[in-house]
Every structure is written in structure tokens, then in C-alpha cells.
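Whenever a hint applies, use it, and build me the whole structure from the sequences.
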Amino acid sequence: MADEKKLTTRAEDFSAWYNEVVLRAELADYSPVRGCMVIRPNGYGIWERMQRALDDMFKATGHQNAYFPLFIPESFLQKEKDHVEGFAPQLAVVTHGGGKKLDEPLIVRPTSETIIYSMFAKWIQSHRDLPMLVNQWCNVVRWEMRTRLFLRTLEFLWQEGHTAHATHDEAEEEARQMLGIYRDFQEGWMAMPVVTGLKTDSEKFAGALRTYGLEAMMQDNKALQAGTSHNLGQNFAKAFDVKFQSESGASEYVWSTSWGVSTRMIGGLVMTHGDDNGMRIPPLLAPIELVIVPIYKTEEERSQMLEAGKRLVTSLHEWERRRPGQLRVHLDARDGVKPGAKYYEWELKGIPLRLELGPRDLAKNQCVLVRRDSREKKPASLDTIGEDVSEALIRMQEDMLIEARERREANSVREPISYDKFRQLMDGKGGFVYAGWCGSAECETAVKEDTKATIRVLPDEEFRSADAPTHCLKCGKTASAEALWAKAY
RNA sequence: CGGGACGUAGCGCAGUCCGGUAGCGCACCUGAAUGGGGUUCAGGGGGUCGCGGGUUCAAAUCCCGCCGUCCCGACCA
7 MADEKKLTTR
17 AEDFSAWYNE
27 VVLRAELADY
37 SPVRGCMVIR
47 PNGYGIWERM
57 QRALDDMFKA
67 TGHQNAYFPL
77 FIPESFLQKE
87 KDHVEGFAPQ
97 LAVVTHGGGK
107 KLDEPLIVRP
117 TSETIIYSMF
127 AKWIQSHRDL
137 PMLVNQWCNV
147 VRWEMRTRLF
157 LRTLEFLWQE
167 GHTAHATHDE
177 AEEEARQMLG
187 IYRDFQEGWM
197 AMPVVTGLKT
207 DSEKFAGALR
217 TYGLEAMMQD
227 NKALQAGTSH
237 NLGQNFAKAF
247 DVKFQSESGA
257 SEYVWSTSWG
267 VSTRMIGGLV
277 MTHGDDNGMR
287 IPPLLAPIEL
297 VIVPIYKTEE
307 ERSQMLEAGK
317 RLVTSLHEWE
327 RRRPGQLRVH
337 LDARDGVKPG
347 AKYYEWELKG
357 IPLRLELGPR
367 DLAKNQCVLV
377 RRDSREKKPA
387 SLDTIGEDVS
397 EALIRMQEDM
407 LIEARERREA
417 NSVREPISYD
427 KFRQLMDGKG
437 GFVYAGWCGS
447 AECETAVKED
457 TKATIRVLPD
467 EEFRSADAPT
477 HCLKCGKTAS
487 AEALWAKAY
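Note that the working numbering gives residue 221 to position 215 of the first sequence, counting from 1, and the numbers run on in steps of one.
Incorrect hints may appear among the rest.
Stated by the list, open to error - Now the in silico label distances, taken between C-beta atoms and shown as ranges:
| # | residue 1 | residue 2 | range |
| --- | --- | --- | --- |
| 1 | Glu-455 | Arg-381 | 39 to 47 Å |
| 2 | Thr-101 | Met-151 | 36 to 44 Å |
| 3 | Lys-384 | Ser-486 | 18 to 26 Å |
To be verified - The calculated SDA-like cross-link candidates involving lysine to any residue, where the alpha carbons are at most 20 Å apart (straight line), are:
| # | residue 1 | residue 2 |
| --- | --- | --- |
| 4 | Lys-344 | Gly-364 |
| 5 | Lys-458 | Thr-67 |
| 6 | Lys-454 | Ser-387 |
| 7 | Lys-483 | Gly-436 |
| 8 | Lys-454 | Asp-226 |
| 9 | Lys-316 | Ser-387 |
| 10 | Lys-370 | Leu-312 |
| 11 | Lys-244 | Glu-91 |
| 12 | Lys-348 | Glu-32 |
| 13 | Lys-85 | Ala-127 |
To be clear, the hints were calculated from the coordinates, so they are not data collected in a lab.
From the three backbone atoms N, C-alpha and C, an ideal C-beta is built for every residue, glycine too.
Written out as C-alpha cells, the structure is:
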């Protein structure tokens, strides 16, 4: 660990604070390869929890996992014009194999639409083969110019769902459904509130008809795109000749969707919930929910506390067996590390609950329970500890979402705002601004040049203001939509 | 690719201006005491000073070239 005891406050420099937390909480590390990231066991444990929760949601909505190749023939990408144009600048290309120059270069997948549709073309013949609902967990490579741990690395882990449907409306419904599932996950599991909505053309996925996105607000008031869901229309179906015979016997192109979320969400978790003591992990995603720290002086006390600690672990497991899942509890039995040092370490790593157990407690058949989010300490009886732990974890999960939502609302502007005021705001503390947009790409670009802010989404109905804005933020002409403007990662 | 800063032990840095035996803090190892919010003491290991060339009796230090990292732009989940 670095020598500084305290983390840099994020008020001074949020980026430096973020890097410190990610490195010191042992979520990730820099790799010998520029722009690539090593995800350490602590960070990967969170990713595994995310994967499991999402995978269950995908399965519950009829999706199945599959796996497609890492390498994509260059010609595949060129079949969809917008797609290749969108991704060309950030492709990693393999030109040699087996010591020889390849006849056709292979692209390391930046996303798998092309290779998957080439297979869909073989697999789909009849309307009875539809809908085809697949998902894959994999890594992808995008050669970014500037990288940042979790948020933008050359290689990252993600999940990409790909579906094919008989009609436009079914595909649209699927794209919307998956957006809803992402929202449920991000709010319910990550305690990270999001605004959902439609992306404008400038931020649309290369080759999509429509792109929907989820935007979360980080603690520096910048937006983080937390996931996307695309209605691809028939663009890829036409490029890869994915056709089916309909009930009426006609040959038709399928309508498809794709959607994904990545390890970027771990970065979002840090920037949503972290504080000056390090990481705070919402209980549902914490690899360890409760850590027991024994306190002792003598060797005799030490063995007593460890014994009591082990009994506690067992009784907590038994308690949880009456409920779904099993409590993820760790007894920190390390000798030679003082309790105080252990407290700081587990707080830095964001473990939701700490249970302190010492001779004085044991004599009174109690312990001290400490919540990571509020650092609130309170004594708890060992007889009812299971209930207290469950209760605290549930409350903490709820409180973290409430806290994040309140912070977001406090930094959102819904009142009409002049362009000058808007520029000042974006130049200063930033935030989410809900304001009108005339629908022209020119205004969007001009605002980006002036302020670095962009339209994150055209928010879905429930996020729109009670009084719809009437004029465009930039040009003042009649607004065709309400837009969420913000600076973004 | 443009503008700026930096590269010395695992991490963070001093030393560079003004050339003369490679330093500090943390981490690590050993031992003892300590233990309810980041323990203390003692001892110890660890370095081609980013790489290459030049100047010099002598280079971490001066000169030239290259490489790399970070920050600010262009690119982006």
C-alpha cells in the first residue's frame, strides 16, 4: 500500500481520487501492456456477482449463452457500411499467423455483430426459428487513444446479447425490455440510479436504427454511459443475408437487436459510491458482505476470540440458510495486524459490514456491528445477530440507492436555463440539465464545442420534466424533444 | 498526432541547477514487546538511476538521439 494514510479528497481532484481507490482497494492494476488492465481478485469478485445477477435475468427472459470467435475476418466488418466506418479507427488487426502473412487480415472483435449474424444466417430458416435470443460473455478490443482503469481500456470484459425477430415491433420490444433489465440491475443491485432514453444520431451505435442508453451521474457530476441497447432494424440482416420464411411463405429479413454492459460498471460503482475512506460496495454485489475482526491481547484471548468467531460464522450461515443464498462472511484471523489497521483495510475495500468481537463483548454476549456506508457503530446481541446482519445489509442496499438518487437530483437542473447560465454551469460544477433541443445536429455539435457537454439521451417519459421545455437550449427555436445535457466520461 | 510535465528499490519521492562511493519514507523479511481506529524498537534484504551514444580522470547529474508514462486536446462502452 502507498505510504499516504488518507486518500486525496475528491473535491480537489476526482480523477486522482478515483485512481487511488481503484489501485489501493485492489480492484485493478496497470498491466505491462499500455492501455490494458489487470482485474485483481477483489475487482473480479464484484464482476462475478454482476455476471451472475445479469445472467439470471437474461435466462429468465428466455436468452441462452453461446460463444463466438475472437477473430473476425476483415471482410465481415465491411459488409455493413456504417458499422465499419464507425469502428475502423479503433480496430486491432492480426496480419500474421504461423509465421506467414495472412491472405485476409483478422480483426480482434470490437463487438460481435458481424460474426454472429454470419452464423444466424445458417441457423435461421423459418419463422419457427424465431426469435433467436443469444448472449455471450467475452472480451472485446477497441484501440482507444486514451485509457482509464475500468472506464476505457483497450481490452474489456462484457456481455453482448444478440437477438433476431420476425418483426420490427418485436425487435423494438426486445431492445426496450433489455434496457429495462439493465436499469433494474443497476438500480437494484448496484444502487446506481440511471436515466434511460434514446440516443441521438451522433451517439448512435454504428449500424443501428435506434440506440437506447442508460446514464448515471458520478460524484463529479459527469455522466457515465452505463449500458446500451440497440434496435438494429434489418441493417445487419441485409448485410449478412439473414432471411426466414414467414407463415405466408414469403422470404423476409429478420429484425435484430444487440445490447451490452461491461466491466465499466465497476468504475461506475466506484465513482457513485466511493468516499474518502475508499470503496463502498452495495451488499448484493460484495464478494464479502461481513468481515469479523477479533480483538485480543493475550494468546488465550486470541484463541477464545477465534473460536467464538468461527462459531459466529457457522451460526450466521445457519441463519442465512433459512433465507435465499448464504451470507458471505470472512473471519479476519490474521495475527500481528492490529484491529485498527484491519478496519481501515476492509473499509478501503468497501466491505459492507464489520463485526468487532473482543473479550469485553463476549463477556456480555454481544459484539459491535459497523456499517460501511455511514460508519455507524452499534452493539448487537449475539443471540439475534443473524437478524441484525440481514437487516443492516438490506437497509444499506436501500440507503445507498436513496443517497445516490438524492445526490443526482440535487445536481440536476429542470428549470428553464439560459444558454449563458448553462455554459457557466458546465464550466463550473456541471450536472444534468434537462432542456429543449430543436433536433438539429448543428446545435448539438455547437454545444459540445462550447461546453464539452453532449446530449446523453432524450429521456424516457418518466424522466421528463413536468413542464416540457418549449425552446432549444442553443438556438431558441421550437424544441422537438427534451434532452438530457451533460458532460460525460 | 499537437501542447505540457515526468522517468532513480515493489510504491511515493529527494539528489540533477553547481559532475566526485546510491539516498529517504512506506512496503517487504527476522526477532521481541504491543493489540477496542492506521503499534513500537532493533536488525536485514532489495538498484544495469528508462535505453543508446557522446563529453570527461570521473556522469543519476552536462550534450545528442530514442523509448515509455501521465495530464490537456482530437477518438470512445
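(request) Hints the structure violates: just list their numbers, smallest first. (result) 2, 3, 5, 6, 7
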